[in-house]
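A.B. asks: What follows is each chain in one-letter form.
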Amino acid sequence: MLISVEDITRTYVVGGETVHALRGVSFTLDKGQWVAIVGQSGSGKSTMMNVLGCLDTPSGGRYMLNGQDVSRMSDDQLAGVRNREIGFIFQTFQLLPRETALANVELPLVYRGLRPKERRERARAALDKVGLTPRIHHRPNELSGGQRQRVAIARALVAEPSLLLADEPTGNLDSATGEEIIRLFEQLHHAGHTIILVTHEPKLAARCPRAIRLSDGRIVDDGRGEAVAFGSRREAVG
Amino acid sequence: MSARVDLVEGGRIALFSLRANRLRTVLTTVGIGIGVATLLAIVGIIQGLNTSFDAQLANIGANNLFVSKWPWVIKGDWWEFRNRKDFTLEDVELVRAQSTYATAVAPMSGRSSDVAHGPEQVSNVRINGTTREYLTIGGLDVVQGRFLTDADNETIAAVAVLGADVAGSLFPGIDPLGRSVRIDGRPFRVVGVLGREGKLLDNNLDLQVLVPFKTFRALFGKGRSLTIAVSITRLEDLALAEDQLVGILRRARGTPPDAPEDFSINKPDQLASTYEQLTGALYGVATGIGLITLLVGGIGIMNIMLVSVRERTREIGVRRALGARKRTIVLQFLMEASAVSAFGGALGTAVGLAGAKIVSEISPLAAAVQPLTVAGGVGFAGMVGLLFGIWPAARAANLDPVEALRYE
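If you're matching them up, the sequences are chains A and B in order.
When you line the first sequence up against our numbering, it's residues 80 to 317, in that order.
When you line the second sequence up against our numbering, it's residues 6 to 413, in that order.
Read the hints as simulated data drawn from the structure, not as lab findings.
The structure presented is a predicted model; accordingly, all values stated were derived computationally and were not measured.
Note that beta-carbon positions come from the ideal geometry of N, C-alpha and C, so glycine has one too.
Treat the hints with care, since some could be wrong.
Derived, one-sided and incomplete: chain B residues facing chain A with beta-carbon distance under 8 Å [said to hold, decoys possible]: (1) Asp155; (2) Arg319; (3) Ala326; (4) Gly328; (5) Ala329; (6) Arg330; (7) Lys331; (8) Val407; (9) Leu410.
Use the sequences and the hints to build the structure in full.
C.D. replies: Next up, the structure:
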C-alpha cells in the first residue's frame with residue numbers, strides 16, 4: 080500500500096470563521112494505481128491535493144505515504160518527501176520562465192543534491208521519454224502549451240517519485256493537446272507509475288480506472304472511474 | 006541535501022537573477038557604491054595626511070625639546086602664557102652647563118618680515134635668530150656656503166643663511182653667496198643657503214632666513230620671546246632629560262616647589278597627539294557620513310530584494326514544491342543581496358581609489374589607501390547586503406508554498 084489516508088480533516092480560519100475544507104477523508108491507494116479525485120469547486124479537492132502533495136499539513140487524521148507518517152513531519156522533512164516521493168504536474172505548468180526546458184527538468188535533482196553531469200543525463204532521458212529531445216534548450220515561452228506540459232511531466236518523472244500528482248493537467252490545453260497528454264498518462268500508468276489526478280472534468284475522470292468523488296469535504300463515491308464520473312448520484316453533475 | 010548544494014545552487018540562482026536584471030542590479034549597486042567610495046576616499050585622504058604628517062614630524066626631530074613660555078598648542082587663557090616670564094640667554098647657558106642629556110642647545114627667536122634683493126621681494130618670511138648649534142638641532146643641510154658661526158653671533162654680524170625658497174625667489178639663476186639682502190630694510194650679507202626642508206603643517210620651512218641670535222636681538226629688540234632648543238643624546242632619555250630640564254629651569258626662575266611650571270617643554274609628539282585628536286574627529290565625521298550612505302544603500306537593497314521576492318513568488322512556490330527547503334530559499338536571496346552589495350562595494354572601491362588618487366594629484370594632500378582598507382570596503386559592503394537581505398530572504402522562505410504557487 081502506497082498511500083493510506085485516515086480520517087483527514089483540514090480546517091482554515093478565514094476572517095474569524097472556521098472553514099471545514101476536509102471533514103474526515105479516508106482511502107487507500109496501492110502502488111501502480113491511477114485514481115482521479117473529482118468534485119465541484121469548493122468540494123475540497125484542491126485541499127486534498129495539497130495535503131496529498133505534502134504542501135499542506137492536515138489539521139487531524141493520519142497520512143501515510145510510502146510507509147512514512149507525513150502528517151507529523153517538519154517543514155524541512157516535508158520538503159525532502161516532496162522531492163523524493165512526489166512528482167507534481169500543475170494546470171499552469173509552473174515552469175521557471177527564464178530557465179531552459181532542460182534546466183527546468185533538472186530542478187528536482189538539484190534539490191536532491193546530484194552532480195551536474197548526472198542531473199543533465201537524467202533530465203535528457205526524462206525529456207526524451209516525453210518526446211521533447213529536440214526542444215531541450217528552449218525556454219517555456221518558446222514552447223507550445225502541450226510541449227510545456229510535457230516538460231512539466233518530464234520534471235515530475237525525472238526524480239523517479241513514487242507518486243505523480245496531477246492537478247487539472249489538461250485544464251489549460253485545447254482538446255486535441257489535452258488528449259495527447261491523457262495518452263501520455265495512460266502510458267505512464269501502464270509503465271507502472273502511481274498517479275493521482277485531480278480534475279473537475281467527468282470525461283477525464285472516466286478514463287481513470289478508479290475515481291473518488293469529494294463533496295463538501297467528504298468522500299461521497301469511490302469506484303470505477305466511469306461509474307463515479309457519470310454516476311447516478313445526484314452530486315455527480317459534471 | 007548538503008550545505009554545499011545550497012550554496013552552489015544559491016549562488017548560481019543569484020548570479021542568474023543579477024544578470025537577468027542588469028539595469029536594476031547596477032542602479033541598486035550605485036547606492037552602496039557611493040557609500041563605499043565616500044568612505045574610502047576620506048580614509049585614503051586621512052591616511053595620506055598621516056603619512057605626510059609623520060614625515061614632517063620626523064623633520065622636527067623626535068629627540069628635540071623646545072622650551073618656551075608658549076606652549077605649541079594653547080589650551081586655556083592666552084594672557085596667562087603672555088604674562089609668563091621670558092627666557093633669557095642666561096637660561097640658555099644654564100641649560101648648556103647643567104643638562105647632562107643635552108648634546109646641543111640653541112636660543113631661538115623669530116618673527117615674520119619681508120626679505121628683498123634689488124626689486125625682488127618675498128613677503129612673510131620667517132626670520133629666525135639662532136646660533137651655530139641649531140644646525141644640528143634642526144637637522145639642516147647647508148647646500149651652499151656655510152652656516153652661522155659663534156663669531157657671527159659674538160660680533161653681531163649682519164649675515165644670513167637663506168631657506169631654499171627665499172634663495173630661489175630672490176636669486177633666480179644667480180649665486181646668492183656674498184650678495185646682500187634687505188631684511189626689514191636692513192642689509193645682510195648671504196653666507197649660506199639651506200637645502201629643501203619641506204613643510205611642517207602650515208609652515209613652509211623653506212621660507213625662512215636664519216640670522217645670528219644677537220643680531221636678531223639688536224635688530225628686532227630684546228623683548229621677543231626666546232625658545233631654548235635642546236637636542237637630546239638618545240630618544241630613550243627624553244623623559245629623563247625633560248625632568249632634568251624642568252628642575253634646572255624651576256630653580257633658575259625661582260618657581261616655588263608647590264607651584265606649577267610657568268613654562269612649557271614642547272616636543273614633537275605633543276603635536277602628534279593634537280594632530281591625532283583633529284584627524285580623529287575628522288575620521289569620526291567621515292565614517293558617520295559613509296555609514297549613513299551605506300545605510301541608505303542597504304535600504305535600497307532591501308527594497309529591491311522585496312520587489313524581487315514578490316516578482317518571484319511563483320518561482321519560490323515551484324522550488325518549494327520540488328523540494329527546496331526554507332534554508333535553500335533564504336540562502337538564495339541572501340546570496341543575491343550580498344552579491345549586489347559586494348559588486349557595489351567593488352565599484353565604490355574603484356571610484357574611491359580613483360578619487361583619492363585624483364586628490365593626491367591635484368592637491369598637496371598625499372592620499373594613500375592601504376590594501377586592507379580596500380578588502381574592508383568590499384567585505385563591509387557585502388555584509389551590508391547580507392544584513393539588509395535577511396528580512397526579504399526570510400519573507401521569501403516563509404511564503405506558504407500553496408499560496409505562492411497560486412500567486413498571479
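A.B. asks: All the hints need checking, so say for each whether the structure fits it.
C.D. replies: Structure-based check of each hint:
no. : hint   : verdict
1   : Asp155 : violated (88 Å)
2   : Arg319 : holds (7 Å)
3   : Ala326 : holds (5 Å)
4   : Gly328 : holds (2 Å)
5   : Ala329 : holds (5 Å)
6   : Arg330 : holds (4 Å)
7   : Lys331 : holds (6 Å)
8   : Val407 : holds (5 Å)
9   : Leu410 : holds (6 Å)
Going down the numbered hints, you'll see the structure goes against just number 1.
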